[in-house]
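Each chain, written out:
Protein chains: 2
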Amino acid sequence: MNPSSIDFYFDFSSPYSYIASEWVEALAARHGRTVSWKAILLGATFQAAGLKSPVEYPIKREYSLHDFERSARFAGVPLKIPDKFPIATQNVARIFWWLHDKRDTTASHWARHALRAYFARGVDLSDVGQLKQLAAEFGLDPDVAERIWSEPAWKARLKAANDSAIAAGVFGAPFFVIDGEPFWGNDRRAQIERWLEKGPF
Amino acid sequence: MNPSSIDFYFDFSSPYSYIASEWVEALAARHGRTVSWKAILLGATFQAAGLKSPVEYPIKREYSLHDFERSARFAGVPLKIPDKFPIATQNVARIFWWLHDKRDTTASHWARHALRAYFARGVDLSDVGQLKQLAAEFGLDPDVAERIWSEPAWKARLKAANDSAIAAGVFGAPFFVIDGEPFWGNDRRAQIERWLEKGPF
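Protein chains in written order, with this note's numbering: chain A, 1 to 201; chain B, 1001 to 1201.
The hints are simulated quantities; they were obtained by calculation from the structure and are not laboratory data. Model, not experiment: these values are computed from the prediction. All residues carry an ideal CB built from backbone N, CA and C; glycine is no exception. Mixed in with the good hints there might be a few duds.
[Unchecked claim] To spell it out: a stretch of chain A is covered by chain B in this simulated footprint if at least three of its residues, at any positions, have a beta carbon under 8 Å from a beta carbon of chain B; those stretches are:
#	segment
1	25-34
2	41-51
3	185-199
Isolated chain A (complex conformation) (with noise of 0.2 Å):
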């Protein structure tokens, strides 16, 4: 039996999901393994399961704003909050399963290339001039990509995956499933890479 994929569920809006976003396929790689990439609504689980975003605490958010960015500095990657956040982030998660429908192998780039449009430069994700921007720049028609976020087809799919990751026992976001383990959170990574070298512990 090949090992089964990563199961990695992320919002656009969520900065560990971005952070988990720059490291997931490299870690995936060397230890034999690929990353199923699916895009949810946070707020759809958060619902399900009867909780808040953190930086809806005040006294949590303040932390949070700061750990966000420390915690992209200690991995690496590039990181600024931008000052509209969150975001809703429903038209660029249509998009993405459109793309992974498709059998398109460029869904996780596009996850990968808004992720970044968002956090590292600040596109608003939300914003549907902005997006279309970020379309085209993908070469994706932009009046397209506008149609496929519209039609009632790729709502319905993305409410779908919001519901399968309800049913997995997902609560937030960057959350893992590897061998129908869960991990939560970007800072699960080193138990995830044991887990990928030794196997359950």
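We have chain A; now place chain B onto it with these hints.
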């Protein structure tokens, strides 16, 4: 100027605090630092920040119970979440502050002794009889111990410790403050080590 000591905030019912309590002294010593142990009640800091314990959310609870034990194995620390969890920890914490304020160097030893008793042996620190027996094991007169945790002065001392923690921005445990820099969680160990080695990053 001597390097400042590491403020280490912990709750006796916090599994991640227990794991951190097993490595914080050695890590500090390797970098010429001391540790200022500070027993707090997580309930007080949660309330101040508008937060709840992760184990109060059913979906997060299931993951957390698994992650507590996995994170302990990863750190090489024996831990089995007791059947009665979490528990009230004000009495064991008041003993800590009594030892601390006597400038008794065994205050941190008491902390480690009690954390290990609860998390490795299942001793119920919220049970008066078991806590008195634990005090006796540690070389404290159990009746003196009981008198201390019943005294208004030591109740006030713990409340003051909670208030100081809240004023310092503490909203969870373990929580570390090093040279004014806050680090929340057992999983910030690698960042703490980097800070101690090379300073701000």
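Do the hints match the structure? See the list:
no.: 1; hint: 25-34; verdict: violated (count 0)
no.: 2; hint: 41-51; verdict: holds (count 4)
no.: 3; hint: 185-199; verdict: holds (count 6)
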